[in-house]
Every structure is written in structure tokens, then in C-alpha cells.
Amino acid sequence: MTVTHTAGRFVGQSVRRKEDPRLVTGHGRYVDDVVVPGMLHAAFVRSDVARGRITHLDVTEARAVPGVHAVLTAAELDPHVAGPMLPSMFAEGRQGVCAPVRPLADGDVRFVGDPIVLVVAESRYVAEDACELVEVEYGPLAPVVDFELAAEDTTNLVHPELGSNVATTMATPPDPTLDEAFASAAQVVTETFHQQRQTPTPMETRGIVADWNATAGSLQVWMSSQNPHEVRRTCARILGIPENRVRVTQQDVGGGFGQKFFMPRDEMTIVLAAHLLGLPVKWIEDRRENLLASNHARTDRATVTVGVDVDGRIVAARIDHLEDAGAYANGGTGGAGVFVAMMFPGPYRIPKLGWSTTSVWTNTCGRGAYRGPWMMETVAREQMMDVVAREIGLDPLEFRRRNVIRRDELPYASVSGMVYDHVSPEETLEQATALVGYDDLRRAQERARAEGRLVGVGIGLYIEPQTGMGALGVEAATVRVATDGSVDVYVGSGSHGQGLETTVAQVVAEHLGVDYDQVVVHQGDTDVTPFGGGTGGSRSGPILSSAARQAAIEMRDKVVHIAAHLMEAAPDDLEVEQGRVQVKGTPARAVTLAEIARTAYESSDALPPGTEPGLEVVTRYKSPPVMYSNACHACTCEVDRASGIVTLTRYVVSEDCGVMINPMIVEGQIAGGVVQGIGGVLYEHLVYDDDGNPLTTTFLDYLLPTAAEVPAIEYGHVETPASTPGGHKGMGEGGAIGSVPAVFNAVADALAALGVRVRRSPLGPSELLAAIDAAR
Amino acid sequence: MDEVVVTTTVNGVARRALVEPRKTLADFLREDCALTGTHLGCEHGVCGACTVLVDGAAVRSCLMFAVQAESADVTTIEGLSSDDGELSTVQAAFREAHGLQCGFCTPGFVVSVTAFLRDHPDPTLDEIREGLSGNLCRCTGYQGIIRAVQLAAQRGAGVGA
Chain A
1 MTVTHTAGRF
11 VGQSVRRKED
21 PRLVTGHGRY
31 VDDVVVPGML
41 HAAFVRSDVA
51 RGRITHLDVT
61 EARAVPGVHA
71 VLTAAELDPH
81 VAGPMLPSMF
91 AEGRQGVCAP
101 VRPLADGDVR
111 FVGDPIVLVV
121 AESRYVAEDA
131 CELVEVEYGP
141 LAPVVDFELA
151 AEDTTNLVHP
161 ELGSNVATTM
171 ATPPDPTLDE
181 AFASAAQVVT
191 ETFHQQRQTP
201 TPMETRGIVA
211 DWNATAGSLQ
221 VWMSSQNPHE
231 VRRTCARILG
241 IPENRVRVTQ
251 QDVGGGFGQK
261 FFMPRDEMTI
271 VLAAHLLGLP
281 VKWIEDRREN
291 LLASNHARTD
301 RATVTVGVDV
311 DGRIVAARID
321 HLEDAGAYAN
331 GGTGGAGVFV
341 AMMFPGPYRI
351 PKLGWSTTSV
361 WTNTCGRGAY
371 RGPWMMETVA
381 REQMMDVVAR
391 EIGLDPLEFR
401 RRNVIRRDEL
411 PYASVSGMVY
421 DHVSPEETLE
431 QATALVGYDD
441 LRRAQERARA
451 EGRLVGVGIG
461 LYIEPQTGMG
471 ALGVEAATVR
481 VATDGSVDVY
491 VGSGSHGQGL
501 ETTVAQVVAE
511 HLGVDYDQVV
521 VHQGDTDVTP
531 FGGGTGGSRS
541 GPILSSAARQ
551 AAIEMRDKVV
561 HIAAHLMEAA
571 PDDLEVEQGR
581 VQVKGTPARA
591 VTLAEIARTA
601 YESSDALPPG
611 TEPGLEVVTR
621 YKSPPVMYSN
631 ACHACTCEVD
641 RASGIVTLTR
651 YVVSEDCGVM
661 INPMIVEGQI
671 AGGVVQGIGG
681 VLYEHLVYDD
691 DGNPLTTTFL
701 DYLLPTAAEV
711 PAIEYGHVET
721 PASTPGGHKG
731 MGEGGAIGSV
741 PAVFNAVADA
751 LAALGVRVRR
761 SPLGPSELLA
771 AIDAAR
Chain B
1 MDEVVVTTTV
11 NGVARRALVE
21 PRKTLADFLR
31 EDCALTGTHL
41 GCEHGVCGAC
51 TVLVDGAAVR
61 SCLMFAVQAE
71 SADVTTIEGL
81 SSDDGELSTV
91 QAAFREAHGL
101 QCGFCTPGFV
111 VSVTAFLRDH
121 PDPTLDEIRE
131 GLSGNLCRCT
141 GYQGIIRAVQ
151 LAAQRGAGVG
161 A
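Protein chains in written order, with this note's numbering: chain A, 1 to 776; chain B, 1 to 161.
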């Protein structure tokens with residue numbers, strides 16, 4: 001049964017965002033808006049070749065440019081590194097699988113974009129002038145570009161120190177029962193799918209200002225980041241200074257989508273340079289650098305085998321996954337492959353599973369997180385569901401219905417050990433297909449095909465995990481009531497577009513009993529906020545909100561306790577409404593939060609015996625190790641046979657993120673993800689030539705969807721409360737996950753009438769015309 | 001590089017500055033005028049984040065030199081709301097329709113839409129989509145932005161603006 005939660009006074013309401021007045025008027029504060037007295041500007045000289053020895057490097061002319069303060073090479077900067085240039089979760093004990101990251105290329109370069117020289121000058125204009133004067137010559141080496149060939153290449157090694165182009169590889173052991181299950185199947189289908197290279201492209205590129213104060217021995221960093229406390233730890237580690245000497249300020253952040261979750265190599269290099277020079281240094285990435293050298297994502301291959309019985313029920317499956325980590329993965333190994341394998345069964349009953357996953361180094365830009373980093377599990381599985389359905393003569397919806405996990409089977413332990421509970425895959429499948437009018441669509445498709453038109457419908461069904469492991473499992477919130485009754489909330493993880501200033505305030509207002517306007521949320525400053533794990537992995541909604549909720553409830557309890565004493569009433573007879581503690585049924589008998597706060601701070605003798613003075617609560621919430629939300633996407637498309645252009649005609653999402661804090665924000669998150677997925681199937685493709693030269697380094701080559709291409713998105717909501725205190729689940733990544741197979745399957749369905757089979761994205765006009773021609 | 005004098009009016013305020021001839025209008029606005037609401041998202045004229053009005057026309061300030069704005073009347077995002085902080089019709093509609101998330105592209109959209117609605121006070125949905133296609137947003141999927149333009153048009157943003 002689907003439980004529909006009754007919205008609260010603030011939780012569940014589409015209240016207007018607190019962030020917006022400053023952002024719509026141009027008064028946001030992003031990292032490039034930071035100006036520090038004496039601040040210098042940095043620019044990188046980057047490699048023009050994918051793999052080669054540096055045979056000649058001359059910075060003499062660059063150093064002579066007026067206005068240039070320093071021209072740093074590996075010789076100056078690399079010895080300055082005091083600790084591993086890796087994310088904290090990889091920095092200790094797990095370096096063997098990580099790329100040997102260094103600030104600047106030393107002796108050889110490993111991808112086009114590899115930083116070789118850092119110029120620091122009085123302006124970015126002058127810094128770029130000096131970059132032009134740096135002389136670099138290379139002895140080119142054969143690059144490893146094709147990730148499908150990298151593992152076998154033992155001659156050309158991306159990282160000679162590591163001895164192999166294989167970064168990580170894991171597999172299930174041989175399993176005779178799996179073989180038996182395949183042998184018993186009525187039909188076994190094998191297919192290979194590819195997802196092409198993409199990149200997150202937040203509209204604000206990366207950027208940092210680093211200011212080292214040598215006399216105080218302290219570092220101030222302003223950075224466009226999803227994770228200020230991780231940046232603080234990383235800065236301390238690479239400089240060899242205590243964490244309490246580092247302050248990181250995040251301010252407004254212009255999107256991240258995973259790219260800004262860890263501290264990237266270039267930002268670390270700026271910190272090292274500022275420390276070495278003893279001067280404040282700003283570096284703002286330009287868009288070319290962002291497309292060339294920030295981090296790339298996707299670039300996966302998966303071979304999937306599925307066995308089904310005579311009734312169309314899956315009896316066994318296998319996935320063999322390969323991913324391209326690039327040269328310097330932003331996030332350690334760059335590998336999400338184990339999650340691909342673990343999540344592969346998704347919303348279906350798959351009794352037997354075998355898997356392997358391999359991550360390889362190549363002489364390309366490093367892989368990094370991008371909204372749904374392990375989405376290949378859903379991409380490959382959902383595309384395979386359509387392939388198998390077609391092979392066995394079932395409609396893709398019917399095939400899914402026969403295999404989808406039903407609510408009466410929960411909690412459901414998947415064959416890979418994931419225990420799903422509080423999910424509703426069957427309900428969202430039915431809601432999405434009903435909203436899109438699936439049965440009518442099939443009849444309309446017949447008519448359209450009779451007219452020679454290519455129309456299709458596609459489904460993407462998935463379960464989205466929110467990891468709560470390690471540092472990612474805990475969030476903190478501090479709630480303070482000031483003497484005037486206004487409420488401050490301090491949270492360890494901050495927003496880069498998700499609207500956490502709004503949703504955290506909603507949760508606190510709801511549970512403390514104050515007005516939304518009375519609450520201000522502070523985030524993104526490590527000097528002010530408690531430690532937090534960062535915003536990513538769809539975790540802030542459920543984990544941060546739970547911490548805030550807990551702190552607000554503790555504060556309300558304290559406020560009521562004090563009020564009861566002051567009013568000589570029983571606590572149970574009191575309620576907190578709009579910042580007043582009042583007697584239930586007699587609201588005129590009340591004390592205000594301001595009166596209670598003044599008592600708590602100034603007249604502690606008037607407090608109930610044993611009560612700690614002041615009104616401040618600090619709480620930490622530990623989440624379950626994994627939580628799950630789920631959704632189903634269904635869309636329709638028409639392919640123009642002459643041009644190969646795909647038009648999406650309908651787009652429906654049915655999602656279940658539990659109790660919604662702010663439906664407007666939930667739908668906004670879905671929409672943004674969906675359009676990234678649409679771009680990922682139809683438009684976005686980072687291309688390298690055979691020599692490892694990137695061919696897509698502007699927004700004229702790397703095509704993002706615009707308002708002219710996107711369909712109107714329709715939403716359905718199923719609310720199955722999670723086990724978190726407020727019943728909330730994360731959903732930040734899901735839109736980008738489900739949309740990829742939904743769009744892909746719709747196009748494949750449209751082309752099926754011609755006998756055209758597509759197995760790899762992107763599905764741009766040239767790819768579709770080629771596929772249509774090949775099928776003739 | 002020898003600096004030259006630029007004299008412009010920005011948001012109604014006379015501005016006079018010495019700049020290098022190669023300095024973009026965007027950098028002039030951000031650095032010399034301290035108007036940091038104009039954002040740079042690509043610096044090659046595709047994303048539209050840096051859109052400002054020059055003599056009423058929506059232009060990409062990353063593709064124009066400051067010296068080209070000599071004697072011009074420039075309006076930036078900061079010039080669209082009233083001095084007491086009241087949002088313009090377009091700005092209020094963006095907030096109400098959830099037309100922004102991270103907010104980085106938003107100034108460019110708001111300026112572009114302000115000019116678009118002035119020229120198309122009663123646009124069709126197709127005209128809105130086309131009118132927005134010169135600005136990139138990575139957060140919203142454009143759903144809220146399209147709604148915001150419809151809402152602003154209904155409220156007469158383009159009439160007598």
C-alpha cells in the first residue's frame with residue numbers, strides 16, 4: 001500500500017527559497033567574486049600531447065614578462081607536497097590503486113591538458129600572456145586512448161609506476177549454480193552496451209582563492225566546492241599543517257554534479273603555490289580547461305547476459321563491466337564498478353548473478369563523479385530489459401511487470417546483498433506508464449508506423465542508493481536561538497544549488513515551532529559549521545535533514561522545559577507555535593521564544609534547576625549504511641527519418657523519495673537530472689581522436705541541451721516513508737539515472753520498426769542516419 | 001598594454017575608467033565597476049551567463065570589449081531590481097516558478113528574458129523556448145525557467161517595462 005504523508009506546516013510545502021532574492025538580483029557571492037588585497041592570478045600551461053616525455057622546458061621569457069610574479073614548474077612545486085594529493089577516503093592505505101598524482105607534470109605528460117607550468121601574475125590577462133611564452137617540446141610516445149584495448153597493452157603504460165594499465169579489477173568466483181541456472185533457461189540473450197564520455201559542466205567552472213598567512217601559520221581558502229570540510233582536510237594534508245590552521249569557505253556554488261565533491265588536483269596545486277609564494281592566489285578555470293582537464297565521466301562498456309524461463313521470468317544474469325578511469329581520476333581510482341555490479345539487479349527479482357568489473361587507465365582526462373556515477377548498472381540493465389523483451393516476444397512493460405519486485409516481497413535481499421525496503425518499484429512503474437498512457441501509445445505507434453513515421457516509447461526503472469558509509473553516514477546540525485528569538489542553524493554540508501538553506505529551515509521551523517522566516521541556515525564555512533561529509537551521493541536530503549530535525553526537536557524540548565518552569569505549567573500542556581510557547585487551548589497564555597532566550601542567556605538563576613544556560617543544541621545523526629529511493633521514467637519520441645533528429649514528445653517521471661520536504665525542489669531536482677540524461681543520450685559527447693587529442697573543447701562542440709530541445713516534464717509522486725526520522729530519502733541523482741535508458745529505449749523502439757538495432761550512445765543525427773542506412 | 005579611457009553609464013551611474021583595450025566588457029563590469037552579478041560561464045559567447053543590456057540590446061559581455069561600450073548605456077542584473085531590493089517582475093517570477101537552482105546562469109537568463117519580453121510581450125510557448133535557447137542552464141532542466149517567463153508575461157513584464 002502506498003502511504004500518502006500529510007504535509008506539515010512547513011515540511012511538505014513548496015515554500016519559496018531563501019537563496020533566491022540574492023541570486024536573482026546578482027548579489028550571490030561565488031568564488032570569482034572574492035577579492036583579497038594583493039591577490040594574484042594564476043593560469044596553467046597544459047600539455048598538447050596525450051603521452052610523451054618533456055624534452056625541453058624553458059620558462060625564461062615567461063618569467064621576464066612585466067607583472068609576472070612567479071612561473072612554477074614541477075622542479076619548484078612538486079617537492080613542496082607534504083602528503084598524498086588524494087581524497088581523504090583514499091589518502092591512507094589505499095594509494096596502490098590510485099594514480100600517482102603530482103601538482104605539475106614532471107618529466108612526462110599523460111593526457112592532453114596535463115598541467116606543466118603554473119604562471120602567477122598581477123592579472124589573468126598577464127598570466128595568459130606569459131603562458132604563451134613558455135617553451136615546451138615533447139618526445140611523443142604512443143598514447144593509450146581506446147579503453148577497450150588498454151588492459152591488454154603492457155608496452156605502453158599510462159602510469160609506468162603502477163606496472164599495468166589495469167587500475168582495479170574484481171569478479172565473482174566461478175559459480176556452478178549460476179551456470180546451471182543459465183543452462184536451465186528457456187532463452188539466454190547476450191548484448192553489449194556502451195555509454196560515451198561526458199562531463200558534468202556546472203555553469204560555474206572550478207575556482208579557488210588561496211591565501212597563506214605565513215606569520216599566523218594559517219590558510220584561508222575560498223573554493224567552489226561541494227565539500228568544504230574535505231577541502232580543509234586535504235589542504236592540511238598536502239601542506240603538512242594542522243587542520244585547525246585551515247579555514248575553507250564555500251559561499252555560493254554554481255553547480256557541481258559531482259565534479260566538486262573531492263578537492264581536484266589543480267586546486268591543490270594553487271594551494272601549494274600560494275603556500276610557497278606566501279601570496280594570495282586566485283585561479284578560475286576557463287571553460288576550455290573545464291572540458292579538457294577537469295574531470296570526465298561515463299565511458300563504460302557492459303556486456304550483459306540474461307536467462308529467462310518460458311514465462312518470461314529472469315532466472316540468471318551476468319554483467320561484465322569495463323570503465324575508463326582516464327589518467328588522473330578525480331576521486332582515487334575513478335572506479336565505480338563495484339557499485340555497478342552490486343546495483344545491477346535493481347528493481348527486479350534476479351535469483352542468480354555473476355559479475356566482473358575492471359577499471360583501466362588511459363591517456364585521457366581523468367574520470368570523476370558525475371550525478372549517478374555508477375549509472376551503468378541501470379543504463380545496461382534497462383536497455384537489456386527491452387532487448388530481451390523483444391527477443392522473447394513480450395512487450396517491454398509486460399516483461400518488467402513479470403520481474404519487478406512487489407511491495408509484499410519487502411524487505412527484499414537482492415542476490416548481490418542489497419536489502420531493499422521502503423521502496424515502490426512496481427507502483428512507480430504502474431504510475432508512470434499510466435500517466436504516459438502506455439496502452440494507447442502502443443496503438444498510436446501502430447498507426448504512426450503505418451504512415452511511415454518512427455515513433456517510440458521507452459521506460460527506465462531503477463532503485464537509487466544513498467550511501468551512508470563512513471564519513472558519508474553522519475551529518476551534524478547546530479541550532480541556536482538568539483536573544484531576540486531568531487534562530488540560527490549551522491550545518492556541515494552545504495548547497496550548490498539544491499536549496500538546503502530552504503529545506504533545512506523548513507525542517508527546523510516545523511519541529512521547533514517557529515516561522516520559516518525566523519530561521520537562517522549557515523553553511524559552507526569550516527570555521528563556523530560542524531564537520532560534514534559534503535553534498536553528493538543524494539545524501540544531504542535524508543541525512544542533513546535528519547540532523548536538523550533532531551536538533552530542532554531537542555531545542556523545542558528545552559524551550560518547553562524552561563517555559564513550563566516560567567509559566568508554572570506542565571510541559572505536556574504546552575505547545576510551540578510561531579515562536580511562542582503557549583498553553584494548549586489557551587494561546588493567550590504564552591511566553592515568546594525571545595523571552596525564553598533572554599532568560600536562558602541572561603537570567604540563568606531563573607531557569608529550572610539543573611538546566612544548562614543558553615539555547616544551543618548540537619546533534620549528529622548517523623544514517624543507515626544504505627538507503628534507497630526509486631523511480632520510473634517513461635517517455636515518447638519521434639525520429640525524423642530524413643535528418644536523424646530525435647524529438648521527445650512526452651516525458652513522465654514517477655518517483656518515490658519518501659516524505660518530500662519541498663515538492664517544488666524535488667521536482668526541480670528531477671527536471672535538472674532528466675535534462676542532463678537527455679543530453680547524455682542525444683547531444684553530449686566528449687570526443688578524442690586516435691592520438692588522444694580532444695576535439696570537443698568549447699560549448700559549440702560539446703552540446704548541452706537548451707530550452708528549445710527539452711520536453712515538458714510531468715511528475716507523479718509515490719510517498720513511501722523511509723526509515724529516517726522524517727521519512728525522507730535522497731533523490732538528487734535519480735533524474736539523471738532513469739532518463740538515460742528511458743530516452744535510449746524510446747529511440748531504439750522507434751527504430752525497431754526498421755530493423756535497426758542501437759547499442760551505444762550518443763544517438764545524435766549522424767549516428768542515427770548511419771544506423772538507418774546500415775539497416776537498409 | 002597602453003590603457004585608454006572608457007566612459008559609460010552603468011545602471012544609471014556614470015562610469016569612467018582606464019582600461020586596456022583588450023579588456024572585455026564583462027571584466028570591466030566585474031572588476032572596474034565591482035558589479036559581480038554578471039557571470040562568466042564560457043567566455044566564448046555560447047552560454048549567455050554574461051548577458052547585459054547595451055543601449056537596450058541584450059549582448060554577451062564576454063564577446064565585447066569595454067572600449068566598445070564607450071558612451072553606451074549599460075544595464076546589468078544589478079540594475080533590474082529597485083534600490084530598496086524589490087524584485088522586478090521577471091526576477092519575482094523566476095523565484096516563484098523555481099526558475100533557478102545554483103543561480104550562476106540566472107543573471108544572464110533574467111537579463112535576456114527582460115529584453116525578450118519587452119520585444120515579445122505576449123509570447124507563445126515556442127517563442128519562449130526559442131527565446132531562451134541562447135542561454136544554458138545545467139540545473140533546472142529549463143522547466144521552471146519556461147514557467148517563469150510565462151508567469152512574467154502574464155503579469156505584463158513586457159508592457160511598459
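Simulated from the structure, these hints should not be mistaken for laboratory data. Ideal Cβ positions, reconstructed from N, Cα and C, are used throughout, including at glycine. Please note that a few of the clues may not be correct.
[Claimed, not checked] Short, incomplete list of chain B residues facing chain A, as computed with Cβ under 7 Å: (1) Asn11; (2) Gly37; (3) Gly56; (4) Ser133.
[Unchecked claim] So, partial list: chain A residues that the calculated Cβ filter (under 8 Å) puts toward chain B: (5) Asp557; (6) His561; (7) Val674; (8) Val756.
Note to self: Are any of the numbered hints broken by this structure? If so, which, sorted upward?
What the structure shows: 1, 3, 5, 6 and 8
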